[in-house]
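Trainee: Given the coordinates of chain A, work out where chain B should sit on it, guided by the hints.
As a plain string of letters, each chain reads:
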Amino acid sequence: GAVVSQHPSWVICKSGTSVKIECRSLDFQATTMFWYRQFPKQSLMLMATSNEGSKATYEQGVEKDKFLINHASLTLSTLTVTSAHPEDSSFYICSARSGTGGNEQFFGPGTRLTVL
Amino acid sequence: QKEVEQDPGPLSVPEGAIVSLNCTYSNSAFQYFMWYRQYSRKGPELLMYTYSSGNKEDGRFTAQVDKSSKYISLFIRDSQPSDSATYLCAILAGGTSYGKLTFGQGTILTVHP
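The listed protein sequences derive, respectively, from chains A and B.
Here the first sequence is numbered in this note's numbering, starting from 1 and rising by one per residue.
Here the second sequence is numbered in this note's numbering, starting from 1001 and rising by one per residue.
Rather than coming from a laboratory, the hints here were simulated on the basis of the structure.
Check before you lean on any hint, since a few could be wrong.
[Stated by the list, open to error] For lysine to aspartate or glutamate, the following EDC-like pairs were computed, each having C-alpha atoms within a straight-line distance of at most 16 Å: (1) B:Lys1070 / B:Asp1007; (2) A:Lys41 / B:Asp1007; (3) B:Lys1100 / A:Glu59; (4) A:Lys41 / B:Glu1005; (5) A:Lys66 / A:Glu87; (6) B:Lys1100 / A:Glu104; (7) B:Lys1056 / B:Asp1066; (8) A:Lys64 / A:Asp88.
[To be verified] Quick list of simulated restraints, FRET-style, between CB atoms: (9) A:Val3 / B:Ser1069: 30 to 38 Å; (10) B:Gly1016 / A:Ser15: 48 to 56 Å; (11) A:Lys14 / B:Lys1067: 44 to 52 Å; (12) A:Ile12 / B:Ser1028: 38 to 46 Å; (13) A:Pro86 / B:Gly1054: 44 to 52 Å; (14) B:Lys1067 / A:Ser15: 41 to 49 Å; (15) A:Lys14 / B:Gln1080: 40 to 48 Å; (16) B:Pro1008 / A:Glu104: 23 to 31 Å; (17) B:Glu1005 / A:Lys20: 32 to 40 Å; (18) A:Lys14 / B:Ser1068: 48 to 56 Å.
Heads up, the beta-carbon is just placed ideally off N, CA and C, and yes, glycines get one too.
One chain only, chain A, in its complex shape:
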């Protein structure tokens, strides 16, 4: 099956710093990648949709200047949390959809961000 990796799996940073999270599709080309956020005991909330080579589309209420998304290639998307604050602490999960037209999204293992 298709594999999606995320790096790092966990990160702890100080308030005010920026953190970059990578999402890679390992064995397929992903024309579309999605970024989700999940707070403890809550469901996944879509933050943004990114298509390779174009600007990301952000969901209502998600600050695009705070959560920078770059989808520079068909196998890599990055999410940068800028000037992170404790309330940004969460589990960030990406998913990728193949460019062959299927509906299935393959999820990465997630990145746990803790902002002190």
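Mentor: Chain B alone, transformed into the frame defined by chain A:
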């Protein structure tokens, strides 16, 4: 009203029990219906995927969709301790929102030996 409602549980059952997990949705434009399993601190993995009303079976798992009632279910037969996880229903929109998944809150299931 949330677009997808799921009973969060938690649900605790003995090994071998039949488990029923349910979601309701409000948007008739939803076209594809999925069930994901998520273990603690891991990403979701797809269990079942269907797009039509009726039942779809895969091993011990059966997904049921009733589009007229906007109701979806996942049944787990002969439940095992390894089934203990959070189960998320997810619905894929069509049209201009194509590709966007909307998740239910998730149901925490514990199967005890």
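Trainee: Lying within 44 to 52 Å: is that true of the beta-carbon distance Pro86 (chain A) to Gly1054 (chain B)?
Mentor: 47 Å Cβ-Cβ, so the 44 to 52 Å window holds.
Trainee: Measuring from beta carbon to beta carbon, are Gly1016 (chain B) and Ser15 (chain A) in 48 to 56 Å?
Mentor: holds (49 Å)
Trainee: State, for the Cβ atoms of Glu1005 (chain B) and Lys20 (chain A), whether the hinted interval 32 to 40 Å holds or is violated.
Mentor: For Lys20 (chain A) against Glu1005 (chain B), whose Cβ atoms are near 35 Å apart, the range 32 to 40 Å holds.
Trainee: Checking one constraint from the list: CA of Lys1100 (chain B) to CA of Glu59 (chain A), max 16 Å. Satisfied?
Mentor: holds (10 Å)
Trainee: Just to be careful, I want the Cα atoms of Lys66 (chain A) and Glu87 (chain A) compared with a cutoff of 16 Å; is the pair within it?
Mentor: holds (13 Å)
Trainee: Need the status of pair Lys41 (chain A), Asp1007 (chain B): alpha-carbon distance at most 16 Å?
Mentor: Measuring from Cα to Cα gives roughly 13 Å; hence the hint holds.
Trainee: Quick one: are Lys14 (chain A) and Lys1067 (chain B) within 44 to 52 Å, going by C-beta?
Mentor: The hinted range 44 to 52 Å holds for Lys14 (chain A) and Lys1067 (chain B), with Cβ atoms some 50 Å apart.
Trainee: For the pair we were handed, Lys1100 (chain B) and Glu104 (chain A), check the Cα-Cα distance against 16 Å.
Mentor: holds (11 Å)
Trainee: Starting from the hint 40 to 48 Å, judge whether the C-beta atoms of Lys14 (chain A) and Gln1080 (chain B) obey it.
Mentor: Given a distance of about 43 Å, which is inside 40 to 48 Å, the answer is holds.
Trainee: With 23 to 31 Å as the target window, see if Pro1008 (chain B) and Glu104 (chain A) comply at their CB atoms.
Mentor: For Pro1008 (chain B) and Glu104 (chain A) the Cβ distance comes to about 25 Å; the hint holds.
Trainee: Using the C-beta atoms of Ile12 (chain A) and Ser1028 (chain B), is the stated range 38 to 46 Å upheld?
Mentor: With a Cβ separation near 44 Å, Ile12 (chain A) and Ser1028 (chain B) satisfy 38 to 46 Å, so the hint holds.
Trainee: State, for the Cβ atoms of Lys14 (chain A) and Ser1068 (chain B), whether the hinted interval 48 to 56 Å holds or is violated.
Mentor: For Ser1068 (chain B) against Lys14 (chain A), whose Cβ atoms are near 53 Å apart, the range 48 to 56 Å holds.
Consistency with the previously given hints is maintained throughout, with no hint failing.
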